[in-house]
Amino acid sequence: MNARRMVLSATFAALLAAPLTGAIAQTAAADKPHKVVFQVSDSDPAKWNLALNNARNVQKDLGKDQVAIEIVAYGPGIGMLKMDSVAGTRVTQALSDGVSVVACENTMKAQKLAHADMLKDIGYVPAGVTTLMQRQKEGYSYIRP
Amino acid sequence: MNARRMVLSATFAALLAAPLTGAIAQTAAADKPHKVVFQVSDSDPAKWNLALNNARNVQKDLGKDQVAIEIVAYGPGIGMLKMDSVAGTRVTQALSDGVSVVACENTMKAQKLAHADMLKDIGYVPAGVTTLMQRQKEGYSYIRP
Amino acid sequence: MNARRMVLSATFAALLAAPLTGAIAQTAAADKPHKVVFQVSDSDPAKWNLALNNARNVQKDLGKDQVAIEIVAYGPGIGMLKMDSVAGTRVTQALSDGVSVVACENTMKAQKLAHADMLKDIGYVPAGVTTLMQRQKEGYSYIRP
Numbered sequence: 138m139n140a141r142r143m144v145l146s147a148t149f150a151a152l153l154a155a156p157l158t159g160a161i162a163q164t165a166a167a168d169k170p171h172k173v174v175f176q177v178s179d180s181d182p183a184k185w186n187l188a189l190n191n192a193r194n195v196q197k198d199l200g201k202d203q204v205a206i207e208i209v210a211y212g213p214g215i216g217m218l219k220m221d222s223v224a225g226t227r228v229t230q231a232l233s234d235g236v237s238v239v240a241c242e243n244t245m246k247a248q249k250l251a252h253a254d255m256l257k258d259i260g261y262v263p264a265g266v267t268t269l270m271q272r273q274k275e276g277y278s279y280i281r282p
Numbered sequence: 138m139n140a141r142r143m144v145l146s147a148t149f150a151a152l153l154a155a156p157l158t159g160a161i162a163q164t165a166a167a168d169k170p171h172k173v174v175f176q177v178s179d180s181d182p183a184k185w186n187l188a189l190n191n192a193r194n195v196q197k198d199l200g201k202d203q204v205a206i207e208i209v210a211y212g213p214g215i216g217m218l219k220m221d222s223v224a225g226t227r228v229t230q231a232l233s234d235g236v237s238v239v240a241c242e243n244t245m246k247a248q249k250l251a252h253a254d255m256l257k258d259i260g261y262v263p264a265g266v267t268t269l270m271q272r273q274k275e276g277y278s279y280i281r282p
Numbered sequence: 138m139n140a141r142r143m144v145l146s147a148t149f150a151a152l153l154a155a156p157l158t159g160a161i162a163q164t165a166a167a168d169k170p171h172k173v174v175f176q177v178s179d180s181d182p183a184k185w186n187l188a189l190n191n192a193r194n195v196q197k198d199l200g201k202d203q204v205a206i207e208i209v210a211y212g213p214g215i216g217m218l219k220m221d222s223v224a225g226t227r228v229t230q231a232l233s234d235g236v237s238v239v240a241c242e243n244t245m246k247a248q249k250l251a252h253a254d255m256l257k258d259i260g261y262v263p264a265g266v267t268t269l270m271q272r273q274k275e276g277y278s279y280i281r282p
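Protein chains in written order, with my numbering: chain L, 138 to 282; chain S, 138 to 282; chain H, 138 to 282.
Keep in mind the hints are simulated off the structure, nothing from the lab. One or more of the hints may lead you astray.
Unchecked claim - Which chain L residues stay away from chain H? Per the calculated CB distances, all over 10 Å, these:
(1) Lys-172
(2) Pro-182
(3) Lys-197
(4) Gly-200
(5) Gln-230
(6) Asp-258
Unchecked claim - No more than 30 Å apart at the CA atoms, straight line, and that leaves these computed lysine-lysine pairs for BS3-like:
(7) Lys-197(L) <-> Lys-249(S)
(8) Lys-197(H) <-> Lys-172(H)
(9) Lys-172(L) <-> Lys-274(H)
(10) Lys-172(L) <-> Lys-246(S)
(11) Lys-197(S) <-> Lys-172(H)
(12) Lys-169(L) <-> Lys-257(H)
(13) Lys-219(L) <-> Lys-197(H)
Just so you know, even glycine gets a beta-carbon here, dropped at the ideal spot from N, CA and C.
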């Protein structure tokens, strides 16, 4: 089995094994020439909107196909991704525009939030801060709006 | 034409073609051992001054010739670079100290700001957030005061 | 003298020459697979606690031995490391958990703070912002809570 095939098989296995959004986002991200991760850790909705504006502008500027974008909400920023978030409609729009949006499960545990309390179709990571570290290691630029 | 000459020619062409400040800043930046980009995205003047203090301290600490510094103002931070900015005098000082200071034209469009509304001699970039991504890719450290 | 021995000698020399905490932290950091630097530059104790929570979560998530963590306090964030800091007990705990915590001496000079005014056992750097640049260059991820 050659390298390309192995990647395809791994991708297929990932699609079967993992929640759809996350797996596709990750697989596609590796191939994109630009990568950026946005940190949302403030409880301030103006910061949530700024992160969403930034993501949209980056897609407009570089082309959706050319840039992998991930928004990581944790700590006081977790409210951005709760069911009752004032930014809910815009988060859903970002998801359908191919932006990966993930919530920190460490924060959720601390705030007694279940997946059912969160916006539909977002992704989850065990620890937001570790994800932010990992993405930088993978070559993502880091933006903290 | 050897490599050095080609660089000199390219530099000369850039000087003719582009606004002076930006072209010189970029040409010189590539040769400096240290590089840092500061993000200003808060409407808080204390943050503007902190960014300017940071830039000055870095120049003092590493030597002006040893470090390329760029300050990128966007979103709610754009006020730092408006004509009536309370930090105007200090921005002008930073520019004359060789710091590159640029405003985000995406933000300016959204806030209906023209170049005439902005401090003299600053630079402009189409999208602040894309510039912040690009600089990190070029090896700049990122500081968000 | 082989490479490993030279490193050991250099380590030993560093232990003799430098304040203990800093030297050990730096020597050990170079060997760890994960590295992260946290910036604390707000006067807001909630941000201090968030940085400390983040550090603890990263240690829990990746394992203390697997991750070098440094917290750099400067500018309005310096209060985190003053003797009367509301986060004092937690800073001491972080230090004993192997987190490097350093104060910016530029900021201390500006605020007329002496080492005697600061929490015991923290480290010191001449300029916090230069340290944040340096760490990124060394491969540390950057997190600004």
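Any hints this thing doesn't respect? Which numbers, in order?
Hint check: 12 fails alone, others pass.
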